[in-house]
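Peer 1: Chain A is already provided as a structure; the job is to place chain B on it using the hints.
Protein chains in written order, with full-length UniProt numbering: chain A, 1 to 370; chain B, 1 to 370.
Quick caveat, the hints were computed from the structure, so don't treat them as lab data.
The beta-carbon is built from N, C-alpha and C at its ideal position, and this holds for glycine as well.
Check before you lean on any hint, since a few could be wrong.
[Said to hold, decoys possible] According to the in silico footprint, chain B covers these stretches of chain A (three or more CB under 8 angstroms from chain B): (1) 141 to 148; (2) 181 to 191; (3) 266 to 272.
[Said to hold, decoys possible] Simulated restraints on C-beta separations: (4) A/D263 / B/D326: 41 to 51 angstroms; (5) A/G323 / B/R182: 36 to 46 angstroms; (6) A/R146 / B/A83: 35 to 45 angstroms.
2 protein chains.
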Amino acid sequence: MRATTFRPRGSATGAVSIGCPPTAASSPSCPVASLGVTDRPSTPALLVELDTFDANLAAMGARHPGPALRTHVKAFKSTAMAARVAAAGHPTFCCATIREVEGMAAAGLGEDLLLANEVLDARRLGAVADAGARVTVAVDSEETVRAAADGGVREVLVDVNVGLPRCGCDPGDAGRIADLARAARLEVRGVMGYEGHVVGLEDRAARLAGVEAAMELLLAAHADVGGDVVSAGGTGTWDINTWATEIQAGSFLLMDTAYGQLDLPFRQALFVLGRVISVNRAQGYAVADVGLKSLGMDHGNPTIDGHRVWFCSDEHVTFAPSGDTDLPAVGDLVRVVPAHVDPTVARHERFTVARGDDVVDEWPVDLRHW
Amino acid sequence: MRATTFRPRGSATGAVSIGCPPTAASSPSCPVASLGVTDRPSTPALLVELDTFDANLAAMGARHPGPALRTHVKAFKSTAMAARVAAAGHPTFCCATIREVEGMAAAGLGEDLLLANEVLDARRLGAVADAGARVTVAVDSEETVRAAADGGVREVLVDVNVGLPRCGCDPGDAGRIADLARAARLEVRGVMGYEGHVVGLEDRAARLAGVEAAMELLLAAHADVGGDVVSAGGTGTWDINTWATEIQAGSFLLMDTAYGQLDLPFRQALFVLGRVISVNRAQGYAVADVGLKSLGMDHGNPTIDGHRVWFCSDEHVTFAPSGDTDLPAVGDLVRVVPAHVDPTVARHERFTVARGDDVVDEWPVDLRHW
Chain A
1 MRATTFRPRG SATGAVSIGC PPTAASSPSC PVASLGVTDR PSTPALLVEL DTFDANLAAM
61 GARHPGPALR THVKAFKSTA MAARVAAAGH PTFCCATIRE VEGMAAAGLG EDLLLANEVL
121 DARRLGAVAD AGARVTVAVD SEETVRAAAD GGVREVLVDV NVGLPRCGCD PGDAGRIADL
181 ARAARLEVRG VMGYEGHVVG LEDRAARLAG VEAAMELLLA AHADVGGDVV SAGGTGTWDI
241 NTWATEIQAG SFLLMDTAYG QLDLPFRQAL FVLGRVISVN RAQGYAVADV GLKSLGMDHG
301 NPTIDGHRVW FCSDEHVTFA PSGDTDLPAV GDLVRVVPAH VDPTVARHER FTVARGDDVV
361 DEWPVDLRHW
Chain B
1 MRATTFRPRG SATGAVSIGC PPTAASSPSC PVASLGVTDR PSTPALLVEL DTFDANLAAM
61 GARHPGPALR THVKAFKSTA MAARVAAAGH PTFCCATIRE VEGMAAAGLG EDLLLANEVL
121 DARRLGAVAD AGARVTVAVD SEETVRAAAD GGVREVLVDV NVGLPRCGCD PGDAGRIADL
181 ARAARLEVRG VMGYEGHVVG LEDRAARLAG VEAAMELLLA AHADVGGDVV SAGGTGTWDI
241 NTWATEIQAG SFLLMDTAYG QLDLPFRQAL FVLGRVISVN RAQGYAVADV GLKSLGMDHG
301 NPTIDGHRVW FCSDEHVTFA PSGDTDLPAV GDLVRVVPAH VDPTVARHER FTVARGDDVV
361 DEWPVDLRHW
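Just chain A, with the same shape it has in the complex (with noise of 0.2 angstroms):
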């Protein structure tokens, strides 16, 4: 903790309410009350609502069925929780690291993944394409047409600049890049462009301009390319985004504060449970054992319904009630509500998985690093 995030920011604007409040850990109705079942749970602990995990991806399922959907591993990093996708009907993938496809592939995952980023050693995919699985590279400049020949990749999309200053080609050389990479005999599978400057945009009106104006330049460039695919979109555009014919989404399973703003049939699935180990009266405050080594904050303090957050260290939250909310006693269970999904994910080694009042499962984190 430093001077500098000492200065209690953040609040419980935006907070997520569902399930127990903090405090009701003890509350028969409350779906952390048995966690640990015999004892107390380990804290701090990625917590899963499975039935709203469930209904997250089944509305997502209702408007891009099958391979309409090419679920976005990264914001969970878990091929147990990919399991589930793909048995809901949705086969294919989208990957943002070498160990995601390896490891999606080693999980009997390997239909069709989509390395959706750009690398420039690429043996590890050829070695995973090799063994079986269906690997497909992004590619936006020569020297990853060549990775991605050398690595033994067979397939790729010609990844497009559509607005976000991040990879992709410029749409006017998309045309050039896919020739380079017929003439490297590989398969040309299409395009991909994230619209990812206009995905969290409040305003839905303004967020389909963005998204359209996007994939104008995506489909310019698709007619350069060829291909079946024109891959793009996310949680944030899952319903604006008419072009693509694959929509790379992952956050809105779990969702998180900051997708949680904006205008989607998606619910919080996602906690991150903690403990309250101290409180001070005098003061008004209380502190858990959740902290920046257990959150992505990347997008500001987490939240937790009920209080407003001061400031996160390490180890700690500290917060304090908000209107009618009693303060914390120490014991208490707390959800804190990270906001932001994919990095705060890839800080813990297990998903908690619970029904109700049950833990019914441990889902594995087990594609993180690289």
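Peer 2: Then chain B, alone, in the frame of chain A:
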């Protein structure tokens, strides 16, 4: 990546210049040139410059010899790194989690381990003590005293709130907590109190005044508590806190951009090594494979020497040259300096340890999680 993180924010202000420029990976004088020895280094990777690390340790040790430095393991979470600190004559350590205590003891570094944090289930700590390590835990309430006693821990420090709104009892209550502990047959070694609310103040005079006020509170509590230990301080107050009997510091070994802005003699020894995977010449930016999953972002964006960082997403950093720096090329290595060391290290499996041009060791980050 959401639109909210898209807007270029942060700058190269505060960048720490060390070693080769990010684009000079092929230079023979560049300490990252031969990383991976025979092949491309795997990126992202945590790179430690051993000579700088050793110099930082020596500078701290000259001021705080032996157990006057109680090195905080939470900053680096590695028993191999801790062993190097112990070999330099500092056998006492501070931990923030039970797993850190367990791992240190298992590695033979259990001469004097302080868990400078409150826990409500101390049985794992009791087991470590039973196995022969010296384990002391912080207590600040009846509940945490009872947990220590019930868990089989034999020694405690009374944690005192000296101004940071986090754990710690009111200074006026410290004597009562000590009495409770002694009544529970716990040995009370003294007090601890972290002046985290002032440790990062850039103005040295303000920092000094803040530390003095905090330590007055701690010494008053110590008078009521007794014992030999007054444990406090951190990297930012390493030479200012003259009241504590031991300094709890860890960040000084590796450093980060936040501490780099203070008037400290410690130099940047840690980098996240990445590789440029995409370049946009028309817009003048590059993208490297270092993102939110390999950085702690609570103190904001990382820096890259000679460049301005625009934003980070899960597996990417987008950045552009500033001043006379050239735009990097696809394949170049880049050294990213994290804004906050502790939560950055906790995202990685290992340190790659370099001396000059050579990789000399690999140290597992083996004390992660809880």
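Peer 1: So, for every hint listed, does it hold in this structure?
Peer 2: Okay, the hints, checked on the actual structure:
1. 141 to 148: It holds, with 3 qualifying residues against the three required.
2. 181 to 191: That given contact is violated, which follows from only 0 residues of the segment 181 to 191 of chain A lying within Cβ reach (below 8 angstroms) of chain B.
3. 266 to 272: violated (count 0)
4. A/D263 / B/D326: 41 to 51 angstroms: Because 44 angstroms falls inside the window, the suggested range holds.
5. A/G323 / B/R182: 36 to 46 angstroms: With Cβ atoms ~41 angstroms apart, the hint holds.
6. A/R146 / B/A83: 35 to 45 angstroms: The hint (35 to 45 angstroms, Cβ to Cβ) holds, given that A/R146 and B/A83 are roughly 43 angstroms apart.
Checked against the numbered hints given earlier, the structure breaks hints 2 and 3 and satisfies all the rest.
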